[in-house]
Amino acid sequence: MDEAAFLARITRSHPSHAAHPGPYRPERIEPSWPAFKSSLEFVGGSSHAAVTPAQLPEAISAIISFGAHRRVVASAAATRLLGVQSGVETASQAGDARQWNDVDLAIIVPELGVCENAAMLLSAVSLPERGLPLLAQHVLALLDLRLLVADMHEAYLRMAHHRDGQAMPHHLTWISGPSKTADIEQALVIGAHGCRSMMILPFSAP
Amino acid sequence: MSHAPTDPHFHEVSERFLANRERTAWHDQSLWFVRTKRDRQAYQTPDWEQLRSHAAAIKAHVVDHLAELTRQFAQQARARGWTVHFAADAAELNRTVHGILATHKVTRVVKSKSMLTEECGLNPYLLERGMEVVDTDLGERIVQLRDEPPSHIVLPAIHIKRGEVGELFHRTMGSPAGETDPVALTGYARADLRKRFIEADAGITGVNFAVAETGSIVVCTNEGNADLGTALQPLHIACMGVEKLVPLLDDVAVFLRLLARSATGQPITTYSTHLSGPDPLRPGHEAHIVILDNGRSGIERDSEHRRTLSCIRCGACLNTCPIYRRSGGFAYGWTIPGPIGAVLAPSMIGTKKAKELPFASTLCGSCTNVCPVKIDLHEQLLSWRARIAADGNVAWHKRLAMRIGALVMSHPGLYALGGWTVRKLWPRLLAFPVGPLKPWTDTRDLPDAPRQSFRGWWKEEGDSHG
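Chains as they are written, first to last, in our numbering: chain A, 1 to 206; chain B, 207 to 672.
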């Protein structure tokens, strides 16, 4: 059916004309790493102690050897942050996303972290390689502590500033902890289709 | 494949469900557990009530501006490269989706959860035309393999026990016989479905929110299946009801804070993904949206019930409903069970077919109290009862009882006689129930009748208190 015919069907029949309530701005709360960490634990994620940017490569090497991860792939953004690291591939945008189906550990760099729910923002800007953290068995996110916000409203506000009039990136995902399901008798199982674990390595300027 | 049932027999089916008392109690407790998780999240969110009011106001605006928002959304969506389709009803949606898949010579489809496609019976339509359609939400996969519809809108397999899942997976996925551990069983499903994600030619998803401002859709899952079902395949088809629109990107924050807290007691769904058209980094990637009416415009025109279009399908009213918890989703005989289903069904399939559903409620109002978008569900149920009666769809014995009630209430002498009868004779009569009254009295007890009527008491005592 064409658009005009469809619009004719759904054209308002009712005299009411409720206005949009406007932006929702609750009382501002200060974001903090302990608040994020407590949400993260609730959603089944885990975290390491915060390091300085210079300490990141060493901390990551320790995580890789501890987890005995065979194929480790860093997003392009992660490689920009870390530099090239031995034992870590850099994701190439070219080619099919299915190339990451055997990745053990994906290293990604989120754009924001939300304290109320441990959601981290990934988009076509920070992660054009969208399939990487979905197919990888485990995910390690390098979270800059300056990017914490208290709640989702602040997060969307900040996102709009980031975009600064630019169009929405093609994909934009809030990811909160590892993939999970409770579809068998409400028993929580971590590792449904996406990653089986979500580790956060926070870092801040010294 | 049956699905999209449209002929509810609430009493019959719920009675069968209740016959297994142990299972009924287990079902009841499972859902109450989810309800308590929702409560903890609501209590921990200091601005919860303010948030609900704001969400309700956004939705009221949306219901009043469906055509304007649809036009804006379609325009923005096309600018982002979506191909936008419109469907008047289920048949047109099915034809449209099949047409897109056939044009691309698709044979294998992965699908993430969408109550709308259940409503339309899309799966059986595609299967009959030789396409392999795999539901990828674990709960939906379980019911699909059992050839059943979902019994809950968020927890499709809430009526199934782990032992039954174990047997099912042993039969269909080759898991070891006797395996009942949910972690192990989920592992088998993960491996099986991962292969299907990789091999599929197309992904079909529902839509939680469609943002008019940006032409993007938002899809929420905990398992990551909507993401895996759109990031790997060359073709994506999103199916949405026209009421899923929200005006602004900012509005999504309000709904993401409410949805998972209300649904499963999580602070947000694990994956909440905005998609804006085809991925420019994937050559040849195509993205389509089908916007469906299928009775929604009729609900919009119904001034008493148009608010039900605000529903975000969180399932909180199901989890809290004492009737749903003890009847099971199949008793409703319609795609959407529970209080919200009981108010949508009469709009969608008519008061004749849905005549039992608005009566499947105690009108306790718990559904209204938990609804994140403040739909006055128990008022809606009551108003449907009146309309079902006005349409002549109430059983003769109920009509008779109501007529007798009206007669007695309007004649004080009859009322006094009735009171005397109930005080003196009724308890004795009920002790020996016979005939058609027996099933009713078997499950109900009268409280002890007072010795005297209020009017008798007033005659003796009232004056001295005056």
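Don't read these hints as lab results, they were simulated from the structure.
Some clues are possibly wrong.
[Unchecked claim] Cut-off 25 Å, straight-line C-alpha distance, at most; resulting in silico cross-link-like pairs (DMTMM-like, lysine to aspartate or glutamate):
{"hint": "1", "chain 1": "A", "residue 1": "K37", "chain 2": "B", "residue 2": "D253"}
{"hint": "2", "chain 1": "B", "residue 1": "K558", "chain 2": "B", "residue 2": "E218"}
{"hint": "3", "chain 1": "B", "residue 1": "K401", "chain 2": "A", "residue 2": "D96"}
A quick look at each hint next to the structure:
{"no.": "1", "hint": "A:K37 <-> B:D253", "in the structure": "21 Å, holds"}
{"no.": "2", "hint": "B:K558 <-> B:E218", "in the structure": "17 Å, holds"}
{"no.": "3", "hint": "B:K401 <-> A:D96", "in the structure": "15 Å, holds"}
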